[in-house]
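Novice: As a plain string of letters, each chain reads:
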Amino acid sequence: MMRVAVLIKQVPDTDRVRMDETSGTLVRDGAGTVPNLLDLHALSALETWFPDPSALLVTAVSMGPASAETTLREALALGAREAVLLCDRAFAGADTWATAVTLGAALERLGPFDLVLCGEKATDGETGQVGPELAVLLGIPFATRVQEASFGDGRVLVTRQLEDGPEQVELPLPCLLTVTAAVAPLALPTLAGKRTARRAAVTRLDAAALRLDPTTVGLAGSLTRVVGLERPVLRRDTRVFPPGQSAAGVDAFLDACAHLGLIPGPSEEP
Amino acid sequence: MNDFAPLTPELVAELICLLGEDRVHTDPDRLRACSFDEVAPRFWKAPRTAEAVVTCRSTDEVSRLLAFASGHRIPVTPRGAGTGLSGGAVPAHGGIVLSSERMNRILEVDAGNMTITVQPGVITSEITAAAAEAGFLYAGDPCSGDASCIGGNVAENAGGNKVVKYGATGANVLALEAVLADGRVTRFGGKRQKDVTGLDFVHLLAGSEGTLAVITEITLRLVPWCACSVDLLACFPDTASAVAFVPRIVRETGILPAALELMDPTALALGRRYLRAGASPEDPDGTGTHLIIQLEGNHEELLDTELETVGGLALGAGARQVYVASHRHARERLWRLRKAIPEAVMAFYEWYSKEDVVVPLSEIPALIDEVGDLCRDLGLRCATFGHVGDGNLHVNLLAPAEHPDPEGSLERARLRLYAHVKEHGGTLSGEHGIGLKRRGYIDLFLDPAQLDLIRRVKAAFDPAGILNPGKIVPE
Numbered sequence: 000m001m002r003v004a005v006l007i008k009q010v011p012d013t014d015r016v017r018m019d020e021t022s023g024t025l026v027r028d029g030a031g032t033v034p035n036l037l038d039l040h041a042l043s044a045l046e047t048w049f050p051d052p053s054a055l056l057v058t059a060v061s062m063g064p065a066s067a068e069t070t071l072r073e074a075l076a077l078g079a080r081e082a083v084l085l086c087d088r089a090f091a092g093a094d095t096w097a098t099a100v101t102l103g104a105a106l107e108r109l110g111p112f113d114l115v116l117c118g119e120k121a122t123d124g125e126t127g128q129v130g131p132e133l134a135v136l137l138g139i140p141f142a143t144r145v146q147e148a149s150f151g152d153g154r155v156l157v158t159r160q161l162e163d164g165p166e167q168v169e170l171p172l173p174c175l176l177t178v179t180a181a182v183a184p185l186a187l188p189t190l191a192g193k194r195t196a197r198r199a200a201v202t203r204l205d206a207a208a209l210r211l212d213p214t215t216v217g218l219a220g221s222l223t224r225v226v227g228l229e230r231p232v233l234r235r236d237t238r239v240f241p242p243g244q245s246a247a248g249v250d251a252f253l254d255a256c257a258h259l260g261l262i263p264g265p266s267e268e269p
Numbered sequence: 000m001n002d003f004a005p006l007t008p009e010l011v012a013e014l015i016c017l018l019g020e021d022r023v024h025t026d027p028d029r030l031r032a033c034s035f036d037e038v039a040p041r042f043w044k045a046p047r048t049a050e051a052v053v054t055c056r057s058t059d060e061v062s063r064l065l066a067f068a069s070g071h072r073i074p075v076t077p078r079g080a081g082t083g084l085s086g087g088a089v090p091a092h093g094g095i096v097l098s099s100e101r102m103n104r105i106l107e108v109d110a111g112n113m114t115i116t117v118q119p120g121v122i123t124s125e126i127t128a129a130a131a132e133a134g135f136l137y138a139g140d141p142c143s144g145d146a147s148c149i150g151g152n153v154a155e156n157a158g159g160n161k162v163v164k165y166g167a168t169g170a171n172v173l174a175l176e177a178v179l180a181d182g183r184v185t186r187f188g189g190k191r192q193k194d195v196t197g198l199d200f201v202h203l204l205a206g207s208e209g210t211l212a213v214i215t216e217i218t219l220r221l222v223p224w225c226a227c228s229v230d231l232l233a234c235f236p237d238t239a240s241a242v243a244f245v246p247r248i249v250r251e252t253g254i255l256p257a258a259l260e261l262m263d264p265t266a267l268a269l270g271r272r273y274l275r276a277g278a279s280p281e282d283p284d285g286t287g288t289h290l291i292i293q294l295e296g297n298h299e300e301l302l303d304t305e306l307e308t309v310g311g312l313a314l315g316a317g318a319r320q321v322y323v324a325s326h327r328h329a330r331e332r333l334w335r336l337r338k339a340i341p342e343a344v345m346a347f348y349e350w351y352s353k354e355d356v357v358v359p360l361s362e363i364p365a366l367i368d369e370v371g372d373l374c375r376d377l378g379l380r381c382a383t384f385g386h387v388g389d390g391n392l393h394v395n396l397l398a399p400a401e402h403p404d405p406e407g408s409l410e411r412a413r414l415r416l417y418a419h420v421k422e423h424g425g426t427l428s429g430e431h432g433i434g435l436k437r438r439g440y441i442d443l444f445l446d447p448a449q450l451d452l453i454r455r456v457k458a459a460f461d462p463a464g465i466l467n468p469g470k471i472v473p474e
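In the order they appear, the protein sequences are chains A and B.
Residues 0 to 269 in numbering that gives the first Met the number 0 are what the first sequence lists, from first letter to last.
Residues 0 to 474 in numbering that gives the first Met the number 0 are what the second sequence lists, from first letter to last.
Next up, chain A with everything else stripped away, as it sits in the complex (with noise of 0.2 Å):
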């Protein structure tokens, strides 16, 4: 059987986030949460992965306040046989690396195992730093935006969708996938997968738990900080041709996109 570890986090449920101005975090408060898009598409591609589920044991592992569950209990209805929660005062205001200290330490007492999943980004950090991170300080090979998988002989072949094109990579197990949106649709759960999940235990490991020195994880073992936000200043320069002056509008066009760069000016023409 393949034990497969699958990263999920609870995120804030809101498409306007707001920010902290002061303390440079995300305000959190009032915009409910929900389970990280990408992580679910992870465990939507093990279905499609793995159609028999009975070859695989996944377990889902969040770090996140005691309301991360309630994410938890979605990964045990999508298929997950144990949700393990990290939750601890300890962790709280962890950057990528305390999180993936933290991480690291709870797949190895919970591991070993052959697969590590996980979405390529979270919505509300955005750096797609956590898997790597992860994949380093648990000393396996990684590979992230992966879009397409298959495994045999202990080796997996990933496709990874990139900004040129999609580049193919062969990994051995164990080994770190993070994923994009096109590995899977979203798997939805099923009733009796829901009324699992609701029964089910979730186990709960604080930083004692993990032999975590505090000092080492959270706002404390982080590595860096948010000194100041800066929002990029987006700028409309928007003119209107009414009727009977299109061709101008489009010559005023042309020009526009020739002095931005998109095409060739007048003077560079063949």
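Derived by calculation from the structure, the hints in this document are not laboratory data.
Among these hints, one or two may not hold up.
Selected chain A positions facing chain B (Cβ under 10 Å, derived; list incomplete) [what the hints assert, rightly or not]:
id : residue
1  : Asp-12
2  : Pro-34
3  : Asn-35
4  : Ala-181
5  : Ala-186
6  : Pro-188
7  : Thr-189
8  : Leu-190
9  : Lys-193
10 : Pro-241
11 : Ala-255
12 : His-258
13 : Leu-261
14 : Ile-262
Have a look at the derived ranges for each label pair, beta carbon to beta carbon [unchecked claim]:
id : chain 1 : residue 1 : chain 2 : residue 2 : range
15 : B       : Arg-104   : A       : Val-26    : 34 to 44 Å
16 : B       : Arg-72    : A       : Pro-184   : 56 to 66 Å
17 : A       : Asp-51    : B       : Pro-40    : 32 to 42 Å
18 : A       : Pro-184   : B       : Val-11    : 50 to 60 Å
19 : A       : Pro-111   : B       : Ile-105   : 30 to 40 Å
20 : B       : Glu-251   : A       : Gly-227   : 55 to 65 Å
21 : B       : Arg-104   : A       : Pro-165   : 42 to 52 Å
22 : B       : Glu-300   : A       : Ser-149   : 53 to 63 Å
23 : A       : Glu-46    : B       : Glu-299   : 43 to 53 Å
24 : A       : Val-26    : B       : Val-11    : 47 to 57 Å
25 : B       : Asp-372   : A       : Thr-126   : 33 to 43 Å
26 : B       : Ala-278   : A       : Glu-162   : 51 to 61 Å
Calculated Cβ distances over 10 Å to all of chain A for the following chain B residues [to be verified]:
id : residue
27 : Ala-66
28 : Val-108
29 : Arg-272
30 : Ala-324
31 : Arg-332
32 : Gly-439
All C-beta atoms in this analysis are idealised placements derived from N, C-alpha and C, irrespective of residue type, glycine included.
Given the coordinates of chain A, assemble chain B onto it according to the supplied hints.
Specialist: Only chain B this time, still in chain A's reference frame:
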């Protein structure tokens, strides 16, 4: 009723003097764009194009415009976002299209009285968002809420997914400011939950399709926000078992869903094709019918128990599978197919008729059987979906590309459908309105006395007949 004056260049110049150059538009592209809605124009025989589009910015400007139009006998067709499904915003007699696009401010959120007051051009989803920001729900949100304007919602008394629990748009309107045809401004209703002082003009105007007055301000009822909600997708093997299950939900569990939607096999297949989605594992033979059942509550544990009760009942009633969406991502995934169906119909069929009939819940099974029969007889297909919880079914009659007489067959199908609907105690439109598309059939459902009353009410509000002429009743 067709003796309207043309909007001559001299009158356009006068209108510009009255309202300003930036309020009056005669660009042919703009005129064409404001001369149809979401209904295929072939449904009316003599389509007209607006002669001017006017974008008023205040009640006072609307008042001056209507006084001008009354004085010159120029028709005025109020228009929101143009998302209507009855030809209600189509200028049947040309003249002026009065667009609400510039009257688009949220004027007040009154938390104490649980109301929100808006101008008619506000997009419905913006009202929903503003209400949510204040901790309330605006429940009269139709399926087109991301695009439609509240003025159009009120004028058509739009329904939507949550009618089964909260009622249609009109049920959520407390007060209206309106400009009468002669330019006088008046207010109906107020921020009060009860009112029997005089006639209920608020709910006469809601659904009057812009034929009685122009609405310039709307006060809507807000309701407490439910802290949690969950959507179930129950996959039944056939339409009969799905429809038979619907009344059992309330009767046997005592739970009133917030939404209760049906998608029949053809609707599901169209939606899947449109989204390029694979076949459903619960529906290997393509005969399945799905129900979406939305439950709301304030206590997660209690809601979990309720979803298990309703979901268990569905499985006991023959559902092959029940899926559960308890957060936004899952909900969006679950509803994507349902929301794709109307677009899919237009994408894959040139000849179709989107019907909006309503029957008592107990009559739905018989009606669905009859629709199947009539489509078989006429060589048509039918995709039925919609608000099965309140009896409002969007019966989409579809003519295959190879059909020898699509127009004639669709017309015969509509007449047979309407006859069946009437036999079952139903009616012509539940939420799309009559407009131009269905005015020729209203006499199948309303007797001469009622039609006469409608005409007399119209004449009382609008003696010159300039407000959205040619709608609801035949001329």
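Novice: Does Arg-272 of chain B clear chain A by more than 10 Å, comparing its Cβ with all Cβ atoms of that chain?
Specialist: holds, 15 Å
Novice: For the restraint on Pro-241 of chain A, tell me whether the closest CB of chain B is nearer than 10 Å.
Specialist: holds, 7 Å
Novice: Are all C-beta atoms of chain A more than 10 Å from that of Ala-324 of chain B?
Specialist: violated, 6 Å
Novice: How does the Cβ-Cβ distance of Glu-46 of chain A and Glu-299 of chain B compare with 43 to 53 Å: does it lie in that range?
Specialist: Check failed, 26 Å falls outside 43 to 53 Å.
Novice: Can we keep the Pro-188 of chain A interface hint, with Cβ of chain B closer than 10 Å?
Specialist: holds, 5 Å
Novice: Against chain B, run the beta carbon of Leu-190 of chain A and see if the smallest gap drops under 10 Å.
Specialist: Because about 4 Å separates Leu-190 of chain A from the closest Cβ in chain B, which is inside the 10 Å limit, the hint holds.
Novice: Against the range 50 to 60 Å, how does the distance between the Cβ atoms of Pro-184 of chain A and Val-11 of chain B compare: consistent or not?
Specialist: Given a distance of about 54 Å, which is inside 50 to 60 Å, the answer is holds.
Novice: Can you let me know if the beta-carbon spacing of Pro-111 of chain A and Ile-105 of chain B is within 30 to 40 Å?
Specialist: 57 Å Cβ-Cβ, so the 30 to 40 Å window is violated.
Novice: Using Cβ atoms only, decide whether Ala-255 of chain A comes closer than 10 Å to chain B, and label the hint accordingly.
Specialist: At about 22 Å, which exceeds the 10 Å cut-off, the nearest Cβ of chain B leaves the hint on Ala-255 of chain A violated.
Novice: Note whether the CB distance of Glu-251 of chain B and Gly-227 of chain A lies within 55 to 65 Å or breaks it.
Specialist: holds, 59 Å
Novice: With chain B as the partner, please determine if Thr-189 of chain A meets the hint condition of a C-beta pair closer than 10 Å.
Specialist: Constraint on Thr-189 of chain A satisfied, holds at 6 Å.
Novice: Are Ala-181 of chain A and chain B close enough, Cβ to Cβ, to be under 10 Å, as the hint says?
Specialist: violated, 13 Å
Hint violations for this structure: numbers 4, 11, 12, 13, 14, 15, 17, 19, 22, 23, 25, 26, 30, 31, all remaining hints satisfied.
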